[in-house]
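K.L.:
Protein sequences, first through last, are from chains C and H.
If you read the first sequence in the UniProt record's numbering, its first letter stands for residue 1, the second for the next number, and so on.
If you read the second sequence in the UniProt record's numbering, its first letter stands for residue 1, the second for the next number, and so on.
Since the hints were made in silico from the structure, they are not lab data.
The model shown is predicted, which means the values in this text are computed figures rather than measured ones.
A hint or two may mislead.
As the list claims (entries may be wrong) - Mimicking EDC-like on lysine to aspartate or glutamate, the simulated pairs with C-alpha atoms at most 16 Å apart in a straight line are:
#1 C/K325 with C/D262
#2 H/K325 with H/E336
#3 C/K121 with H/E152
#4 C/K121 with C/E240
#5 H/K121 with C/E152
#6 C/K121 with C/E99
Protein chains: 2
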Amino acid sequence: MSDGFGPDNLPYGVFTLARGERRLGVRLGNGVVDLSGLGGLLATGSLNPLMAAGRQEWTAAREAVAAHVASGPPVIPLRDVTLHLPFEVADYTDFYSSEHHALNVSAILRPDSPGLSPQWKHLPIGYHGRSATVVVSGTPIVRPTGQLGAGEFGPTRRLDIEAEVGFVVGTPGRRISTGEFAEHVFGVTLVNDWSARDLQAWEYRPLGPFLAKSFATSVSPWVVPLDALATVPAGRQDPEPLGYLRPAGPAYDLRLTVEWNDTLVSTPPFASMYWTPAQQLAHLTSNGASVRTGDLYASGTVSGPGRDQVGSFLELTRNGTEPVKLADGSLRDFLENGDLVRIGGTARSAAGTQISLGSVSGTIVA
Amino acid sequence: MSDGFGPDNLPYGVFTLARGERRLGVRLGNGVVDLSGLGGLLATGSLNPLMAAGRQEWTAAREAVAAHVASGPPVIPLRDVTLHLPFEVADYTDFYSSEHHALNVSAILRPDSPGLSPQWKHLPIGYHGRSATVVVSGTPIVRPTGQLGAGEFGPTRRLDIEAEVGFVVGTPGRRISTGEFAEHVFGVTLVNDWSARDLQAWEYRPLGPFLAKSFATSVSPWVVPLDALATVPAGRQDPEPLGYLRPAGPAYDLRLTVEWNDTLVSTPPFASMYWTPAQQLAHLTSNGASVRTGDLYASGTVSGPGRDQVGSFLELTRNGTEPVKLADGSLRDFLENGDLVRIGGTARSAAGTQISLGSVSGTIVA
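Work the whole structure out from these sequences, hints included.
P.N.:
Shown next, in the form of structure tokens:
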């Protein structure tokens with residue numbers, strides 16, 4: 001199918017019909033195929049039980065779903081369903097694994113000492129976020145308030161996005177090697193880690209971002225199974241990482257798009273990330289910490305080398321000093337109330353076709 | 001009762017008898033009173049449903065429990081029960097609200113630029129932690145591994161404690177004013193936020209601590225209801241905080257003890273904290289972020305002005321440069337395998353008596 005939601009994709013989501021209970025479905029074209037009639041783990045109304053069951057069950061479920069889809073089932077138009085958060089989030093972790101993004105941010109925010117922090121190429125830097133405020137695409141984003149500096153409280157003036165790719169853990173574990181990545185990670189979502197840059201600048205030393213990012217994190221309503229995606233070789237890393245981060249594991253040639261209202265402003269290339277998702281998971285669990293079903297870890301802002309490939313407006317507008325012109329002629333530095341941001345993505349499927357990752361969108365409200 | 005677990009206390013916990021299901025109980029003396037026979041929210045085997053029901057139900061439950069206890073129910077000896085995590089943790093947040101601790105850490109780790117960060121007295125600094133690895137007192141603490149510096153991976157050499165007080169959210173909400181604190185917070189636990197200082201020093205810039213603290217956070221098995229505790233006036237704050245952090249709300253005169261093996265090494269005074277728990281909750285939700293039933297937020301390391309009042313071994317041993325001598329004559333800089341740490345606490349009850357907060361302990365294993 002030309003829209004990227006054919007039988008080579010079949011991403012999972014949770015939907016309701018009017019006044020109905022939650023059901024598991026897969027997206028097909030512009031509609032949803034109800035899976036609840038297939039029974040077992042597909043009839044629970046939640047993706048988490050299937051995700052907890054492990055890779056063998058994931059493969060079996062995908063085969064059963066593919067056979068069902070091939071049999072020509074009813075397809076419920078998207079306009080007739082409400083989409084929900086596709087899984088219940090356990091812990092939410094966010095990384096910082098684009099070298100281009102880290103260098104851009106450093107140059108913009110710390111011009112006196114630009115460059116990567118000393119450990120950046122030795123480990124994938126990350127931090128924990130707030131799982132309570134992970135919301136599904138389409139949820140309005142209320143402009144956060146907070147301290148903008150000493151003695152000043154109000155709505156953020158520097159509301160930004162971070163275009164990211166999220167990885168959803170199915171099988172629990174700890175000390176997960178990079179080679180075990182596909183045994184533990186169920187699939188992929190798109191993530192927008194909304195950020196208030198003025199709150200962040202004031203609050204972040206020495207314990208990192210807190211309220212600047214805890215008000216909302218949006219995810220796409222479809223979890224694309226890892227099995228649907230083609231892999232590509234990971235990029236070269238210098239210095240060579242420590243043993244627990246080797247081999248790097250698969251990379252993915254996901255191509256993101258960022259639309260600000262009706263204007264395509266950026267096309268971040270996920271293949272340009274420095275650290276792979278397998279390395280991120282290995283690092284996250286390398287101290288003995290456990291991951292659970294429903295854990296979401298995001299890649300960090302995806303920025304490529306080009307100015308039109310950045311994953312944040314901080315970078316796009318050089319911290320607001322170089323506004324961008326949208327299709328309607330208006331200028332933007334950061335987000336205004338009423339603005340809509342939609343992050344989309346496409347991928348090469350395991351079958352060699354181009355498939356869609358869907359999109360994650362949100363409109364800013366006062 | 002002389003041990004601090006009389007009818008003026010009645011903290012809640014979750015226990016099992018041999019091969020039994022989970023039950024809610026309250027501690028009385030050296031035993032547990034089973035509450036499952038009282039029905040309703042007390043018969044669910046989990047504290048979360050009661051916590052979610054709101055303050056009116058909390059008061060009614062406490063009255064019912066007190067009446068039951070007064071009727072002379074069977075008391076199951078502690079040795080016959082297994083204690084579990086007393087509530088299911090939603091999001092875990094940790095603050096940094098002791099001025100003495102922040103100044104000590106700064107002087108020890110950043111001697112070239114000691115002092116508080118610029119925003120420290122304007123807002124309670126905090127960060128998100130890992131809720132998956134919150135464990136109940138008594139759980140063995142496996143020494144974490146990680147990067148100790150560039151190119152070096154191994155067991156931490158600087159395993160430390162952080163003696164803290166945790167606040168458990170019952171009623172969900174957002175933008176919670178300091179005056180609404182007692183409507184949302186159900187009770188208090190003791191917290192040990194185990195920390196690997198070498199991992200932390202290498203990883204923490206610019207996004208804060210991550211693996212240095214995500215391997216384990218221990219909590220005491222008893223949640224002392226807020227209703228059991230006497231309040232004291234909060235300390236003076238200069239500069240005056242912004243409006244959303246005023247009034248400061250209640251403070252609590254909790255007195256902690258830190259035992260390293262059999263040696264009492266410190267007595268951190270919670271009353272010396274700069275920011276109150278009501279201000280922490282107000283700040284946490286001031287951007288619009290929601291809290292949920294089961295959210296745990298910890299005070300940050302409790303350190304008083306005296307060298308024998310610090311809540312971490314980093315401070316006690318000046319980052320290992322001034323080892324302490326334990327009762328058996330041995331010296332310690334940081335934790336060794338086999339070491340046991342027990343953090344205890346007492347409080348003044350609402351009835352004017354002295355009550356116990358129980359204790360949180362853990363033994364280090366390789």
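K.L.:
The structure should be examined with respect to each hint, and the outcome stated for every one.
P.N.:
Here is how each hint holds up against the structure:
no.	hint	verdict
1	C/K325 with C/D262	11 Å, holds
2	H/K325 with H/E336	14 Å, holds
3	C/K121 with H/E152	13 Å, holds
4	C/K121 with C/E240	9 Å, holds
5	H/K121 with C/E152	13 Å, holds
6	C/K121 with C/E99	9 Å, holds
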